[in-house]
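Enquirer: Sequence:
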Amino acid sequence: MRTALLRQRRPTEALTRLRPIAARHPADVELRLRLAELELCAGELERAVAEAGIAIQLAPGDVRGMSLLLQAQARMDAGAGTADS
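First residue of the sequence shown? That's 1 in the working numbering, and the numbers climb one at a time after it.
Hints were generated in silico from the structure; no laboratory data involved. We put the beta carbon where it would ideally sit given N, CA and C, even for glycine. Check before you lean on any hint, since a few could be wrong.
What the hints assert, rightly or not - Pair ranges (Cβ atoms, derived):
1. ALA59 - ILE21: 14 to 22 Å
2. GLY61 - GLU13: 30 to 38 Å
3. ARG24 - ASP77: 17 to 25 Å
All chains, full assembly: derive it from the sequences and hints.
Expert: Structure representation (structure tokens):
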């Protein structure tokens, strides 16, 4: 899929395209999950947390949102730990 290629090579470009689409379809869980994943790949950790949180609210039984949330939080914690050193 084209999004997978963009995620691997150009996550910022993919985000530029996907954010407006997600804004037009706020209840689309798959879109929110994909956006959270791209935000995570791009290092936009706060946005990744926010998008994963939305996905969790929309589909609480879908573990993908929680997985992305935990990954983003772990990266944030790791970054905070290195900043203190």
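Enquirer: None of the hints should be skipped; say for each whether it holds.
Expert: Results of checking the hints against the structure:
1. With their beta carbons about 18 Å apart, ALA59 and ILE21 fall inside the hinted range of 14 to 22 Å.
2. For GLY61 and GLU13, the Cβ-Cβ distance of about 32 Å falls inside the hinted range of 30 to 38 Å, so the restraint holds.
3. A beta carbon spacing of about 33 Å between ARG24 and ASP77 contradicts the range 17 to 25 Å that was offered as a hint.
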